[in-house]
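Visitor: Start from chain A and add chains B, C and D according to the hints.
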Amino acid sequence: MTRHRGRGMASVNYPIGMNLGGDPSQALVHSNPSGKFTVALSSIDLGQGMKSVTRQICAETLGVPVEDVYVDTADSDTGPHCMGSFASRGTHRVGNAVMAAAREARGVMMEAAAEELEVNAADLETDGRGNIHVKGAPHRSISTKDVAIAAQFKQGKTISGRGIFLVPLSDVDPETGEMSPATCYAHACLVAEVEVDDETGEVAMVRMDSAYELGRALNPRLVEQQLVGGAWMGVSHALYETPEPYYPDPAHGPRDFVEYLMPGPGDICPHDIAVLERPAPDGPFGGKGPGEMCANPVLPAVANAIFNAVGVRIDDLPITPEKVLRAIKSQGGARPQARR
Amino acid sequence: MLELRKDIFADERDDNLKEIGKGTQRQDMLGHITGTSSYFGDHKLQGMLHLKVVRSAQAHARLRRIDTTEAERSAGVRRIIRSADVPRNLNTLLSLINFGKDDEPSLAVDKVRYKGEPIVAIVADSEREAFEAIAKVRIDYEPLPTVFDVEEALKPGAPVVNETYPKNAFIYHDVHDHQKLRFGDADAALATADHVLEQRYQMSPIEHAPTETNGAIAAPDTNGRYVVYTSTQALFFSVDTCAKILDVPSNTFHFIGGTVGGGFGGKVDTLTEPLAILAAMLTGRPVRYVFGREEEMQYGPPRGAERIFIKDGVMRDGRIVARKIRAYFDSGAYTRLSSYAAVKCAAHLPGPYTIPNVHGDVYCVFTNRTPATAMRGFGVTAMDFAIECQMDKLANLVGMDPMEFRILNAYRDGDMKAHRREAKNTALIECVQVAAEKAKWPIREEFRRASSRKDGGGSRAVIPPTPADARARPAAPVQQRTSYDRLPPTVTREPPREPPPPTPPPSSPRPAAPSHGATRFSSVFGTRRR
Amino acid sequence: MAVTVKTFTSAGEAAGALSSDRSARYLGGGTLVMRALNEGDVSISTVIRANDQALTRIDASGPRVTLGAGVTFARVLAERDLAFLHAPARSIGGPAVRNMGTVGGNLFAQSPFGDFTVALLALDATVAVAGGFGARDVPIEEFLQARDRQAGTLVLSVSCTRPASSEAFRYRKIARIKPKGGAVITLAAHLPVSGGRIAGARIALGSMAPTQIRARAAERALEGRSLDAATIAAAASAATEGTSPSDNALGSAWYRREIVGVHLRRLLSGQE
Amino acid sequence: MSKTPLQFRHNGRDVAIFVDGGTNLLVALRELIGDMTPKFGCGQGGCGACSVLIDGEIHLSCLTLAETAAGRSVETLDGMKQGPNLHPLQRAFADNFAAQCGYCTPGMLMAAKALLDRNPQPSRDEVVEAISGNICRCTGYESIINAILAAAGGRASA
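Protein chains in written order, with the numbering used here: chain A, 513 to 852; chain B, 478 to 1007; chain C, 281 to 552; chain D, 442 to 599.
The hints are simulated quantities; they were obtained by calculation from the structure and are not laboratory data. Since the model is a prediction, treat every value here as computed from it, not as a measurement. One should not assume that every hint holds.
[Said to hold, decoys possible] Pairs of lysine to aspartate or glutamate, EDC-like flavour, derived with a Cα cap of 16 Å: (1) C:LYS458 with D:ASP461; (2) A:LYS835 with C:GLU538; (3) C:LYS458 with D:ASP566; (4) B:LYS495 with A:GLU579; (5) C:LYS458 with A:GLU714; (6) B:LYS788 with A:ASP827; (7) A:LYS669 with A:GLU623; (8) B:LYS499 with D:GLU472; (9) A:LYS548 with A:ASP589; (10) B:LYS917 with A:ASP784; (11) A:LYS835 with A:GLU711; (12) A:LYS835 with C:ASP527; (13) B:LYS521 with D:GLU472; (14) A:LYS548 with A:ASP580; (15) B:LYS499 with A:GLU579; (16) B:LYS495 with A:ASP639; (17) A:LYS841 with C:ASP417; (18) B:LYS870 with B:ASP794; (19) B:LYS870 with A:ASP827; (20) B:LYS901 with A:ASP784; (21) B:LYS495 with A:GLU637; (22) B:LYS915 with A:ASP784; (23) B:LYS870 with A:ASP828; (24) C:LYS286 with D:ASP461; (25) B:LYS495 with A:ASP580; (26) C:LYS458 with D:ASP536; (27) B:LYS721 with B:ASP491; (28) A:LYS841 with A:GLU637; (29) D:LYS444 with B:ASP602; (30) B:LYS613 with C:GLU538.
[Unchecked claim] Heads up, incomplete: computed chain D residues facing chain C, CB under 10 Å, no partners named: (31) SER492; (32) GLU498; (33) ALA552; (34) ASP566; (35) ASN575.
C-beta: ideal position from N, C-alpha, C; glycine also.
One chain only, chain A, in its complex shape:
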């Protein structure tokens, strides 16, 4: 028997956003005369889904269908300031800014609707399908389109809103490190199962089971994209990649995608994910941000699974077949631990 299976686990938390410069983001929301809304941002969509999640946040806040909102990103002439897309800050920081802007725009929209319906704005509600009606009297209704037309051409109102979200800077105590580094945290626990070849040191992923808590899952499909892709990257960090394979010796750095190792489509394993939602009190609809942390538990879980499989501890990343093989040889062979 040369191949041994083992399981390992790890649990982590992750701070959302940065404690630098107040970490602000701004958003502008405005309606066109047809009652369709544009969100102007300077925030970047790197693939994480920034445009899509802020679109849903805006639609929910305005009370209009998501199709009536379009998010325009990253133009420095039209989009207001944003720190950028990093530090898992997009959903939380930009989402909050969009929510604030949408709230302000909604206020104007409801005032304009109230004027048309000759009621008090406080007595109105949106139906989420593009109409505003008197609470308890759905027939006394006006479409957002008609409101926008009235606001633009009759009332002289701009249905628009500005939003900013900022977490006041927290000083860091030089002596104790006392600080407020983040306002909310995401959490995860992941179990990895691996198979280790004790003659070659090769490690193959068998499966992963995980639980991620990331505040409200604002869009479960986007969350799934992040978690599946992020865990793949975690496997990659654990077992494969580095631009300096002999660190700290800088020699033999990879120059292409053949030398820079990342798991291929034939290296992936089944991954069952549970998502827990404990809303962040200061998150947009309780959202936190799954972006970065989803990779983190994989690295130690894989390392711990390798120990469980063959009894060696590899404390240097990436855990290459060479490191595993050296460790197995130096302890005189594989020592499988109690099966989990």
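Guide: Frame of chain A, contents of chains B, C and D only:
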């Protein structure tokens, strides 16, 4: 396969929302599947020139002579940009938010500090002609001793990588060569622990490897402005960095980005935009500067390596009583963002666990390698690897199941964290329970019943007596200017929610009021919030 | 100065142009030369092409198989008569690289590439080359020894003898990435059997030396014996003899030495 | 500087351009024809972002000398839609959320099309093999594999 566990924390949520919580299609999906999503490189401009840089062949060397005579005469060359052509050829990214000192030139001046450092930029009609000119640039290097290991770099007498930081370490609060975290008395607790385990961990550098490499296209626009198509992850960071380096008002630029072919942290550093714009300024033509793949892999910034030493004290019953950590971030030759990662890392200690005595020292160290930058999980990923491997070893040491060991030590609502803030909205225990359930990993009933919302606070909310380090208190930090115009800081100091610690740490030095010009921060981290 | 592309209708003319111009490279499938151009290799200023149909001919009907240098791996895979070469051909690249990369080009590919050549080396192939002085046949070993000096040489075709059975030829590429990745090491074994005993064993290894090499000590351990466990063990333990692997991004020299015997044993004994 | 005339069929339409010596097909498509769907990811043949079909076979346009496309048929993602309608693969990629940053998507779709055009009912392993030359850094591949299998399944039932 993804399962939403709506049953957990259900009482904290209103699940009757109309758009939130739906798996709505991505706004950009149609563009992606039809290939019509527009990335920076998809902009085709008339008469576009191509910029390539001559990179250092040495990891550490003095530049005796840079001879571009032959290259200037090379076919198709429109302009050779040398360091003297860069208006403000010294910057550090976080200077925009007033953190750290300018330490990195856009083009090397008298010294190169890593292999691949840009020395000269060539602007030519075609990439091929730029490559031909690169081959004709003669550089006379005087090699200097190199240092590649973070611990070696900190030793007295090590080669000085970056003269801005002559001891090869970023300076925190103007006084320390590392960021400290002190909570309780870790040494005393280690002395009384049933088991002590000290281990070393090493995280490798990681390349972001986005499928789209870093790049920018800059072109003269109407009214004397410049339009810049960019792969940046942080649009205004890049706008303001370029404004600073090129010494022009930020509204000189119209940056357009927004759809980026992956970033993962590797597109924050604003490496291509300043030179592309400068080249457009100097030639009056559109200029494209895009990294090749090898450039991206070797000279584009990686996630820096981290070396971490953990010493833990654990009792026979599984309670961790002390955690002492020393961590070294390998920043490479310049600061970029590693300085902040070390602070974020210190705040992350000791992981999501309630440990009454925690001691952390986190260093940001300079070595002769490609400068490191942000990457997915920056400041935390490596520490989580170290901590969670250590947790597995500790569980093994005390003979506990690793899941149960996590739950036993997990932080809960109301606990005091080591950075002296109350833990709220925690959910580690529930994650462990659900992961165990999914993986059919049996845990005992008492651990299945545990909750993040129960049994926290109380004695766990107390900040323990914390001895001060022997070192004398430093003088107040020197203030730096911020490059943003800001309103005067509103200093809001709410009283701490918890009783003050028995031996409170000396309060941070307070800044003087701004005396002139731009508003100053109250410290390098700005307005204090309690 | 742009690159000049010269296209010839005969391989002979192309060979002449190639041998007379130090800055010329022959363009096969493009995976080497176009990459070099894309990456700014200014030592190449002429690209030579040939539309000679002889370069893309496959002759696989008889016991002696000849592959034109311009035959792609996809074409090898499409040829039922070349089944013994399907494993090495399939081990290369993704589908696009197999549609482009050629048998001739692979002879020039440096580690971690050049896997097909490992198979050809085990099969004792002959390389037909055309230089300034006309065409000649070169044993593949000799060709590889002098590869660094072959830049001005045009490979016309490669030929080898078809193995007697599917058991007689075995191939395995050890890559970190599945299903496709650069080779940590590559192994090929030709094991002709005569009267139940191996006669004329050839073991070839990739990434165990600056070029693909034969594992002569392992061959000796097999020679004249039946392929039993003891013989396999002896061959496996001799696998590193005469090798001189290097460190690279995919693995260290130490690791290659450690695993080459393990994988040779598995290859010879038919284990996964 | 001399330029070489080049004609080929681009998504069913004849095109004629002049190329510099050594120009690769990716540059020709993007900069001379204006088809931005194939992407530059490496120029080394390692990522597949520039994948196109030449006479129905998958090729890396960055490693293809533009002149070698003369007289041949080049298909890119720009030609995948069937009139105003999305190709079943495009629909399946959307339904399976098989794109995040979207940069590898054009190459992935072409690799998938090359597979399904020849093998309408591929196994999972065949799908994996078909995209083995294409790097995706976002998705972890699972959604892409599922999308291709779904497109094949959908086609079979249609």
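Visitor: Could you run down the list of hints and mark each one as holding or not?
Guide: Verification of the supplied hints:
1. C:LYS458 with D:ASP461: Cα-Cα ~38 Å, so violated.
2. A:LYS835 with C:GLU538: Holds, at roughly 12 Å.
3. C:LYS458 with D:ASP566: 11 Å, holds
4. B:LYS495 with A:GLU579: 13 Å, holds
5. C:LYS458 with A:GLU714: 12 Å, holds
6. B:LYS788 with A:ASP827: 14 Å, holds
7. A:LYS669 with A:GLU623: 9 Å, holds
8. B:LYS499 with D:GLU472: 40 Å, violated
9. A:LYS548 with A:ASP589: Given that 16 Å is the threshold and the Cα spacing comes to 21 Å, the pair is violated.
10. B:LYS917 with A:ASP784: 12 Å, holds
11. A:LYS835 with A:GLU711: Holds, because 12 Å separates the two Cα atoms, which is no more than 16 Å.
12. A:LYS835 with C:ASP527: Holds. LYS835 of chain A to ASP527 of chain C sits at ~14 Å (cutoff 16 Å).
13. B:LYS521 with D:GLU472: Within the cut-off at roughly 7 Å; holds.
14. A:LYS548 with A:ASP580: 5 Å, holds
15. B:LYS499 with A:GLU579: Given that 16 Å is the threshold and the Cα spacing comes to 13 Å, the pair holds.
16. B:LYS495 with A:ASP639: 9 Å, holds
17. A:LYS841 with C:ASP417: 47 Å, violated
18. B:LYS870 with B:ASP794: Between LYS870 of chain B and ASP794 of chain B the Cα gap is close to 15 Å, so the pair holds against 16 Å.
19. B:LYS870 with A:ASP827: 11 Å, holds
20. B:LYS901 with A:ASP784: With a Cα-Cα distance of about 28 Å, the restraint between LYS901 of chain B and ASP784 of chain A is violated, given a limit of 16 Å.
21. B:LYS495 with A:GLU637: Given pair LYS495 of chain B, GLU637 of chain A holds - Cα atoms ~13 Å apart, limit 16 Å.
22. B:LYS915 with A:ASP784: 8 Å, holds
23. B:LYS870 with A:ASP828: 15 Å, holds
24. C:LYS286 with D:ASP461: Within the cut-off at roughly 13 Å; holds.
25. B:LYS495 with A:ASP580: Roughly 14 Å between the alpha carbons, so the hint for LYS495 of chain B and ASP580 of chain A holds.
26. C:LYS458 with D:ASP536: Given pair LYS458 of chain C, ASP536 of chain D is violated - Cα atoms ~26 Å apart, limit 16 Å.
27. B:LYS721 with B:ASP491: Status violated; Cα separation ~47 Å.
28. A:LYS841 with A:GLU637: 71 Å, violated
29. D:LYS444 with B:ASP602: 15 Å, holds
30. B:LYS613 with C:GLU538: 44 Å, violated
31. SER492: Holds, about 6 Å.
32. GLU498: 5 Å, holds
33. ALA552: Cβ of ALA552 of chain D sits 7 Å from chain C, so the hint holds.
34. ASP566: 8 Å, holds
35. ASN575: The hint holds - ASN575 of chain D has a Cβ within 10 Å of chain C, the shortest such distance being about 7 Å.
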